[in-house]
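2 protein chains.
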Amino acid sequence: MTVTDDLLQANRTFAEGFDQGDLPAPPARRVAVVTCMDARLDPASFLGLGLGDAHVIRNAGGRASDDALRSLIISSHLLGTNEYLVIHHTDCGMLSITNEDLQRKLSLETGEDASHIDFLPFADLEQSVRDDVARIKGSPFIPPGVRVRGFTYDVHTGKLSEVDA
Amino acid sequence: MTVTDDLLQANRTFAEGFDQGDLPAPPARRVAVVTCMDARLDPASFLGLGLGDAHVIRNAGGRASDDALRSLIISSHLLGTNEYLVIHHTDCGMLSITNEDLQRKLSLETGEDASHIDFLPFADLEQSVRDDVARIKGSPFIPPGVRVRGFTYDVHTGKLSEVDA
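Taken in order, these protein sequences are the chains called A and B. What the first sequence shows, in my numbering, is residues 30 to 194, in sequence order. What the second sequence shows, in my numbering, is residues 30 to 194, in sequence order.
All clues given are correct.
Note that identical chains are pooled: a pair holds if it fits in a single copy or bridges any two copies.
Straight line, CA to CA, 20 Å or less: simulated SDA-like cross-link-like pairs of lysine to any residue: (1) Lys188 to Asp153; (2) Lys166 to Glu191; (3) Lys166 to His106; (4) Lys166 to Thr33; (5) Lys188 to Arg159; (6) Lys166 to Leu154; (7) Lys188 to Pro53.
Hints are computed from structural coordinates only; laboratory data are not their basis.
Use the sequences and the hints to build the structure in full.
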């Protein structure tokens, strides 16, 4: 048994009790969240989101990458969201790496040139939130009426703190 | 009160009862999930994941985009995950758009040229899963021992179905 097989077994139990199969696609609360893939974050829990409430976009760092922007453009223009939360977190792995170190490690381990990959690390947690809020607000493809606010999440306390722009 | 303010109020309640502040960063079950941002999906619930168990990467469609690969490289090389699940879902918005239509809509609404943006839509749900599993397996930067399996999630039943490679 792999872990994946365990998760599939858990899904069978979940599906037996599933009774929310009629939700519409557009998020009920018209919100999108951009946050980190980190295993210690469960945005549905720490924001009190119910099924069907919000788009959730996650990647290493919770960065406003080109791909996160792609997702937010679809979220706003096709599915009607108009409030975005950017949430980075304390003790994030992206605070402890540099592109140069990770590119070198990958090249050594794989024999392939990794120097073209920007891993989007950051050195200052609050500044990375400000940068990503600004990047979203600055996109010509995000509707001007969309509100974007930035936060840090403390993995030790479960608390969000707003980052002033 | 905005919806964001409501979510912040929910977070205060969450933090008051939070007692999992000592989890380590590496995912306990050494698993990463790539899935869609869709509001009707809660991967922690439908896979039975606990806090600290798994990396969760989400974007429009659950695609193995360059940014999802960036996240998976960090997940495997720095945080030790070795099983990945790619999960697309029924009734996905990405099944009903084309790049040309969305690029045209954006250009009309914003006055900016959107023709350079690939929104990663797909016409065949199972094939898009196969494509993304193959893209991850084919990356020279994903360790060869990592297992990658693909699934569809039915938003009406809550059930996962495996997509054969």
